[in-house]
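So you can see what is in the structure, the chains are spelled out below.
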Amino acid sequence: MRRFIWATLYVTVGVAAGCISAFALIQQAGVKSVATDEPWQSRAAAMAGPDAFYVRSHYLLEGRLPPAPSQLGEATADTDSDGNPLSGGCSYLITSMGPLPRWWSLGIIGSGEARAALQSTADSDTAVREADGSVTITAATTPQPGNWLKVPAQRRLTLIYSALASSQRSVEPPFTIKRGICS
Amino acid sequence: MKKHLFWLIVAVVAGILAHAVFALFVPGWWFSREVRQLARAHGQNSFFILSPEEQAKLLPGLPRFGVTGICVFDVSKGDVTFAADLPDGFWITTIYTDKAEAIYSVNNRQSGANSFTVSLSRAPGLIEQILKSTEKEAIDEIDSGWTVTSPQPRGLAVVWYPTPEIGLRSLAAEHVARTRCTAGHAGEG
Numbered sequence: 132m133r134r135f136i137w138a139t140l141y142v143t144v145g146v147a148a149g150c151i152s153a154f155a156l157i158q159q160a161g162v163k164s165v166a167t168d169e170p171w172q173s174r175a176a177a178m179a180g181p182d183a184f185y186v187r188s189h190y191l192l193e194g195r196l197p198p199a200p201s202q203l204g205e206a207t208a209d210t211d212s213d214g215n216p217l218s219g220g221c222s223y224l225i226t227s228m229g230p231l232p233r234w235w236s237l238g239i240i241g242s243g244e245a246r247a248a249l250q251s252t253a254d255s256d257t258a259v260r261e262a263d264g265s266v267t268i269t270a271a272t273t274p275q276p277g278n279w280l281k282v283p284a285q286r287r288l289t290l291i292y293s294a295l296a297s298s299q300r301s302v303e304p305p306f307t308i309k310r311g312i313c314s
Numbered sequence: 691m692k693k694h695l696f697w698l699i700v701a702v703v704a705g706i707l708a709h710a711v712f713a714l715f716v717p718g719w720w721f722s723r724e725v726r727q728l729a730r731a732h733g734q735n736s737f738f739i740l741s742p743e744e745q746a747k748l749l750p751g752l753p754r755f756g757v758t759g760i761c762v763f764d765v766s767k768g769d770v771t772f773a774a775d776l777p778d779g780f781w782i783t784t785i786y787t788d789k790a791e792a793i794y795s796v797n798n799r800q801s802g803a804n805s806f807t808v809s810l811s812r813a814p815g816l817i818e819q820i821l822k823s824t825e826k827e828a829i830d831e832i833d834s835g836w837t838v839t840s841p842q843p844r845g846l847a848v849v850w851y852p853t854p855e856i857g858l859r860s861l862a863a864e865h866v867a868r869t870r871c872t873a874g875h876a877g878e879g
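Chains as they are written, first to last, in our numbering: chain A, 132 to 314; chain B, 691 to 879.
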């Protein structure tokens, strides 16, 4: 009887450790910072590399399709440019800092999961540009003048950036994220 | 001590097996549930437009104003013909297996035409390939049009057409909905 209990315990621990390690690997595989001083991370570069299997598994577990390879690139940010976690309790000023691709989109999802309901998006077709061609977007819970992204109240949030893939280059969202007022 | 060492090795082996089984089967099984749900709701081998909610779930990075049309195809019983009829402007058509592996993708610039037909068929297995190459049948079966062979029996053909504002969505959706996805070869019927 004691032997049976030991066996069950060891096998259960082994199976649990195997499943958890696979899940952790799937979540982390291929995630790379797109620039050293910016919070954006992307799996786009790993979609064609040795990590492709695990990267694809990440999308499958989220019940969603990966962006069309060589057509669209995607990057996400869970923190602002100073490294603070993005929160529904704060407003954020998202400013473009360079040339923008022919088509781009910036959206907010209400938690760390990409499959959570998309709150709102701003994109190259709808965003109002400044006189110098740059784009400034305010992410806040209440409507703001100019470009506004609706933020879900009092929750962790993730910014998701999609853009047309440029030739062989990884996705580099040309946006800085600065925290505004926090409630 | 020896007894514990034995069970420790058993635990490590069980862990490696569980890791492999989880990584190989769980994500695919999880996503195929979503695909089956779409097929149940809208039918198989037929083209339909996703609601903004369905689109946000399946492609959360894309703006809701856009139009996304999907065909859940099944090539296990024969070829499927995907005949796209899209409006002018920027669009992307991508064909995925039900394991989310993109096997074909084209945009409006690469296509050069808004109407095109893709013949979807099951990729031959290794034994089938060897048999056909010995019987010299393979060359006869190559289609002159666009042919995509899928390593999986099921998959998704996805059309995405972004629109600049919500008011244009229904107009664009009406046009994108002219796309057809039907069982059978492009030349048939």
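In case anyone wonders, no lab produced these hints; they're calculated from the structure. Please note that a few of the clues may not be correct.
FRET-style restraints, in silico, Cβ to Cβ [stated by the list, open to error]: (1) 276/A - 741/B: 42 to 50 Å; (2) 209/A - 857/B: 28 to 36 Å; (3) 155/A - 815/B: 28 to 36 Å; (4) 711/B - 259/A: 25 to 33 Å; (5) 260/A - 857/B: 16 to 24 Å; (6) 137/A - 711/B: 43 to 51 Å.
From the structure, some residues in chain B lie toward chain A, with a derived Cβ separation under 8 Å [to be verified]: (7) 697; (8) 749; (9) 806.
Virtual Cβ for every residue (Gly too), placed ideally from N, Cα, C.
A quick look at each hint next to the structure:
no.	hint	in the structure
1	276/A - 741/B: 42 to 50 Å	violated, 31 Å
2	209/A - 857/B: 28 to 36 Å	holds, 33 Å
3	155/A - 815/B: 28 to 36 Å	holds, 34 Å
4	711/B - 259/A: 25 to 33 Å	violated, 51 Å
5	260/A - 857/B: 16 to 24 Å	holds, 21 Å
6	137/A - 711/B: 43 to 51 Å	violated, 23 Å
7	697	holds, 4 Å
8	749	holds, 6 Å
9	806	violated, 16 Å
Hint violations for this structure: numbers 1, 4, 6, 9, all remaining hints satisfied.
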